[in-house]
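Novice: Given next are the chains, with one letter for each unit.
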Amino acid sequence: MKVREGKIDSFALVEIIGRVNSENSESLKNYMQELGKREQRILVDCSALEYISSSGLGALLVLLKLIQEKGGTLRLFSLSPRITEVFAIAGFDKFFLIFPNLEAARLAKD
Amino acid sequence: MNTDKNVEVKLPNSLAALARLHDVVQQFCRRRSIHPDTEFKIDLALDEVFTNIVRYGYDDTHPHEIVVRFKGNRDSVRISIDDDGRPFNPLLAPAVDITAALSERRVGGLGIHLVRRLLDQVRYQRRPAGNRLILIKRLEKEEKRT
Numbered sequence: 716m717k718v719r720e721g722k723i724d725s726f727a728l729v730e731i732i733g734r735v736n737s738e739n740s741e742s743l744k745n746y747m748q749e750l751g752k753r754e755q756r757i758l759v760d761c762s763a764l765e766y767i768s769s770s771g772l773g774a775l776l777v778l779l780k781l782i783q784e785k786g787g788t789l790r791l792f793s794l795s796p797r798i799t800e801v802f803a804i805a806g807f808d809k810f811f812l813i814f815p816n817l818e819a820a821r822l823a824k825d
Numbered sequence: 006m007n008t009d010k011n012v013e014v015k016l017p018n019s020l021a022a023l024a025r026l027h028d029v030v031q032q033f034c035r036r037r038s039i040h041p042d043t044e045f046k047i048d049l050a051l052d053e054v055f056t057n058i059v060r061y062g063y064d065d066t067h068p069h070e071i072v073v074r075f076k077g078n079r080d081s082v083r084i085s086i087d088d089d090g091r092p093f094n095p096l097l098a099p100a101v102d103i104t105a106a107l108s109e110r111r112v113g114g115l116g117i118h119l120v121r122r123l124l125d126q127v128r129y130q131r132r133p134a135g136n137r138l139i140l141i142k143r144l145e146k147e148e149k150r151t
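Order-wise, the sequence lines are chains A and B. Going by the numbering used here, the letters in the first sequence line up with residues 716 to 825, in that order. Going by the numbering used here, the letters in the second sequence line up with residues 6 to 151, in that order.
These are computed hints drawn from the structure, not numbers from a lab. Check each hint, because a few of them may be wrong.
[To be verified] Covered by chain B, according to a simulated footprint, are these stretches of chain A (three or more residues, beta-carbon under 8 Å):
#1 765 to 773
#2 776 to 788
#3 800 to 806
[Unchecked claim] With beta-carbon atoms standing in for the labels, derived distance ranges:
#4 806/A / 131/B: 38 to 44 Å
#5 38/B / 816/A: 29 to 35 Å
#6 818/A / 67/B: 32 to 38 Å
#7 68/B / 762/A: 36 to 42 Å
#8 35/B / 780/A: 37 to 43 Å
#9 806/A / 10/B: 35 to 41 Å
#10 785/A / 10/B: 50 to 56 Å
We put the beta carbon where it would ideally sit given N, CA and C, even for glycine.
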């Protein structure tokens with residue numbers, strides 16, 4: 716797993732790349748905690764996210780809670796059909812704002 | 006012994022072994038032309054089961070062995086996971102409430118919820134030597150061996 720971070724418009728743009736399992740989810744969680752404290756508006760690019768287990772979902776949940784507590788914005792985009800299904804089974808599709816691509820995520824209204 | 010159909014792998018109780026487990030799942034599924042979507046589900050379910058055992062299965066800090074056996078037939082894949090940890094039936098763990106509000110949501114229990122939903126059957130057996138969990142995934146028509 717790798718994470719890349721950049722900027723687009725008023726957003727921090729975060730790309731999660733590869734496989735997130737319980738072995739590396741702790742480092743993702745630490746990163747998400749730091750990101751959630753530092754940023755207000757975040758887009759997460761999941762186009763290169765191949766795999767995520769429940770512990771990785773937990774790291775995203777940590778970020779979402781931090782952002783919601785301060786009234787920020789968190790949008791996910793370009794989830795593969797398999798990852799989309801995992802989100803649905805976990806019931807996470809109700810909490811996360813999920814968009815088909817970067818443009819849709821970037822241009823959505825708050 | 007590993008034949009073309011059956012595969013057995015012995016792993017240490019360490020999350021670092023997940024990479025090896027993933028490799029074995031991949032090899033097993035690809036050799037049998039199992040659809041990548043099915044492979045993904047088996048991979049994820051096994052990851053969750055293995056992680057639970059490593060994290061919560063033992064009362065000591067000694068090294069332990071977890072044995073994973075894969076069996077395939079025409080219609081399904083059957084995977085058993087044996088550990089020598091304390092008796093624990095994950096199927097009796099409280100169900101996760103996926104309708105709970107965000108503030109109430111916890112990650113605990115989510116793993117076994119995914120396992121149940123991704124696979125077709127999950128069975129637990131308490132054995133003298135430890136726990137056995139059996140996972141069964143039915144194959145789609147186009148994956149079936151003729």
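Novice: All the hints need checking, so say for each whether the structure fits it.
Specialist: Now for the hints, and whether the structure bears them out:
Coverage of the segment 765 to 773 of chain A by chain B holds in this model, with 6 residues showing a Cβ closer than 8 Å to a Cβ of that chain against a need of three. Evaluation of the coverage hint for the segment 776 to 788 of chain A: fulfilled, as 4 residues show C-beta separations to chain B shorter than 8 Å, against a requirement of three. Remark: the segment 800 to 806 of chain A is confirmed as covered by chain B, as 4 of its residues place a Cβ nearer than 8 Å to a Cβ of that chain, reaching the required three. Between residue 806/A and residue 131/B the Cβ separation comes to about 30 Å, which falls outside the hinted range of 38 to 44 Å.
Roughly 32 Å separates the CB atoms of residue 38/B and residue 816/A, a value that falls within the hinted 29 to 35 Å. Range check, residue 818/A to residue 67/B: Cβ separation about 54 Å, and the 32 to 38 Å hint is violated. For the pair residue 68/B and residue 762/A, the supplied restraint of 36 to 42 Å holds, since their beta-carbon distance comes to about 39 Å. For residue 35/B paired with residue 780/A, a C-beta distance near 39 Å keeps the hint of 37 to 43 Å intact.
At about 37 Å, the beta-carbon gap between residue 806/A and residue 10/B stays in the expected band of 35 to 41 Å. Distance hint check for residue 785/A and residue 10/B: the Cβ-Cβ separation is about 55 Å, which falls inside the suggested range of 50 to 56 Å.
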